[in-house]
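Trainee: Listed below, chain by chain, are the residues.
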Amino acid sequence: MTVVVCGVEELPRGSIMTVMNGDTPVVVARTGAGEYHAVRGWCAHQGAMLGGGRLTWLTCEDARGGYALSRAGEILRCPWHSFEYDVTTGRCVTDPKLRLRTYPVRVEDGNVLLDVPDAT
Amino acid sequence: MTQSAAVLDHDPSPVLDTPVIDVDVHEAFSSLDSLQPYLAEPWRELMAQGAWKGFTQPFIYWATGGGNRADSNPERGGPPGSDPELLRRQLLDAYEIQAAVLTGYFYPAMLGDMQVEFASAMASAYNDYQVAEWLAADPRLLGSVHIAPQDPEGAAREIDRIGEHEQMVQVMLPITTRAYGDPFYFPIFAAAQRRGLRLATHHTVHVEGALGMGRYYIERHMLIPQGTMAQLVSLVCAGVFERFPDLRVVCLEGGFSWLPHLIWRMDREWRSLRQEVPWVKRLPSDYVAEKVRLATQPVEDMTGDQWEKVIELMGSEEILMFATDYPHFDFDSPLRSLPPRLPQALKRKILYDNAREFYGLEERAATRA
Ligand code: FES
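If you read the protein sequences in the order shown, they are chains A and B.
If you're matching positions, the first sequence starts at 551 in the working numbering and goes up one per residue.
If you're matching positions, the second sequence starts at 3 in the working numbering and goes up one per residue.
It is worth saying that the hints were derived from the structure and are not from the lab.
These figures come from a predicted structure and were not determined experimentally.
If a hint is listed, it holds; no wrong ones were tucked in.
If you only want the chain A side, here are some residues facing chain B, beta carbon under 7 Å, derived:
#, residue
1, 596
2, 598
3, 603
4, 604
5, 627
6, 630
7, 632
Beyond 12 Å from chain B on every Cβ pair, some chain A residues (computed):
#, residue
8, 558
9, 562
10, 564
11, 621
12, 636
13, 659
Computed spacing ranges between beta-carbons, pair by pair:
#, chain 1, residue 1, chain 2, residue 2, range
14, A, 639, B, 17, 24 to 32 Å
15, B, 185, A, 651, 55 to 63 Å
16, A, 554, B, 216, 44 to 52 Å
Glycine included, C-beta positions come from ideal geometry on N, C-alpha and C.
Whenever a hint applies, use it, and build me the whole structure from the sequences.
Mentor: This is the structure in structure tokens:
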């Protein structure tokens, strides 16, 4: 089923929006580069609602042993224990066993559209 | 398909098949001003002048919501944990919690050794605030008596003053940098025993590991259990459990999977060196089994088999008591923090029975009826 999430202007770069597919939340994210991604909204760790979390960057070490920030708005951090998910793949950055289902998102006629399985 | 303003904040599966008691819930005031109505003079006037600004932590928090769940900010403003209505919704009602023990996070112990009268006055004000604005708000909430342990006589008076409130179940022993086995603190234990209250240890932002706080917040957070272990060793070796035979202690938020190591170690050392501490009359592990409980939060991500193994090594299924630590960021979900494979009877002990026994909730209910 394809659903209209919102108008493109309602989801600025670096922000997220939660939509419900039946009882299942889907978090739609727009990255810093402007791409759209969607993941299942329950954290695979202890089940927090990821829509209450934050979209952030990937934090790595730079050449001088300091902080290197990249991929702005591609990492979704859980509101509880702060595990990090890559919204482009649904994978948890630190635990390969934890993975969120992803859904296709596209833009048509100024609207953000999401393809989700029919809610039962 | 709907866009949601008020979506459920957690995955409601699996269905919880046991009742729950939560032994560590951090209520908070909206601001220091909340204490004003309960503060005695001259402190009230001094505080009104802004003569003290409250505690801060000597580090920056790194979790998504700082030190708290990022989804726990009250709509009405104020810090997480400061809105009884939201706490009810996100915790008590969301998980059908039967009883929740409030443990605060405003610990006058952190004022240190100066001006102990001020520290004790702040503890009193906090207790009256807790009674009026929290315990009165919901009968499921149980209270902790806050004290300034650096003022043991004042603390004992405070325990006598407020400890008989029917929802008060324990005295908080915040962990800073001093060990509670020092006889200096015995008036506190005498008062707690007199009032039939339990003791609860909980770290403060001043707790250190053996080599200090660490260079990073993550280190400090990893080191917190050391403070708990040190307090337990101190209480046992000072003979506190012999001198105050009715005292029982819960160690909050200090981990639990280290317990097998510690009891083996203490027992071995006692067999070798007990002459030095003849007031320790039994195996340390006996005192632990009888008098000490450990809260589960923050759980480590162990498998069901690992949980069972650790509990077996502890030698008792009665030691662990479930806690969420709401609203802090390392909150443990009653639905998901214990592995689904844990045997039902054991799960029920951890989530409910052990705390019910420890706090004597059955007897309390009977007295009230
Ligand atoms: S529930 Fe999301 S990180 Fe634990």
